[in-house]
Amino acid sequence: EAGVAQSPRYKIIEKRQSVAFWCNPISGHATLYWYQQILGQGPKLLIQFQNNGVVDDSQLPKDRFSAERLKGVDSTLKIQPAKLEDSAVYLCASSSRPPRSGPRDIQYFGAGTRLSVL
Amino acid sequence: ILNVEQSPQSLHVQEGDSTNFTCSFPSSNFYALHWYRWETAKSPEALFVMTLNGDEKKKGRISATLNTKEGYSYLYIKGSQPEDSATYLCAFRGGGADGLTFGKGTHLIIQP
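Taken in order, these protein sequences are the chains called L and E. With our numbering, letter number 20 in the first sequence gets 20, and the count goes up by one each step, no holes. Residues are numbered in our numbering as their position in the second sequence, beginning at 1, plus a constant of 118.
None of these hints come from the bench; they were simulated from the model. Every clue listed holds true.
Straight line, CA to CA, 25 Å or less: simulated DSS-like cross-link-like pairs of lysine-lysine:
(1) L:K78 to L:K62
(2) L:K83 to E:K222
(3) L:K11 to E:K222
(4) E:K160 to L:K78
(5) E:K160 to L:K44
(6) E:K175 to E:K187
Here's a subset of chain E near chain L, in silico, CB distances under 10 Å, partners left out:
(7) V122
(8) Q124
(9) S161
(10) T169
(11) A215
(12) D216
Glycine included, each C-beta is placed from N, C-alpha and C at the ideal position.
From just these sequences and the hints, can you work out the full model?
Take a look at the structure:
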């Protein structure tokens with residue numbers, strides 16, 4: 001079974017530029033998450049989708065970050081305009097169960113996109 | 119804001135030695151505790167999902183215990199091997215939420 005695919009693996013941009021990351025979850029997984037991991041910190045949840053609907057985006061900085069999952073499969077996370085503090089690894093994860101499922105639901109992660117903002 | 123703490127931040131262990139590290143989390147509104155292993159340039163890999171107080175899980179040389187009443191979990195590695203070098207993350211899931219709250223991780227280096 002193919003895992004969670006993310007691209008690009010690395011991206012370097014200058015501040016105030018725009019950037020987009022792509023994620024393709026495991027086939028059949030309805031729930032998709034984006035996490036941000038800043039160096040020295042643990043991953044932080046940005047947004048959670050169930051199919052093409054948003055379940056939780058309470059920690060997404062909506063003035064510059066946006067995400068979509070139009071057909072309920074792959075997803076795009078965008079930053080516009082980027083700031084220096086957005087330098088981080090952006091991780092995508094998926095799980096097969098619906099939100100508020102049982103406690104043993106596992107989230108499967110991609111390898112992440114490492115963003116450097118100069 | 120949920121507080122998930124891991125200690126130590128980093129650890130150097132001689133090959134063949136055993137080691138352990140700690141994750142502390144809120145003792146209220148507990149739903150599940152996850153452990154992940156994250157090797158450089160790879161995806162975080164799920165090790166354990168623990169849900170019940172007193173749970174003990176084992177996978178090869180790695181095991182974990184859970185105490186939800188006092189809010190801590192231990193991860194043990196027996197007979198460390200170079201391939202165990204990685205960052206070990208714990209993540210707390212509270213009732214009513216699906217997103218995970220991660221600790222900062224323990225960076226483990228096994229020295230041959």
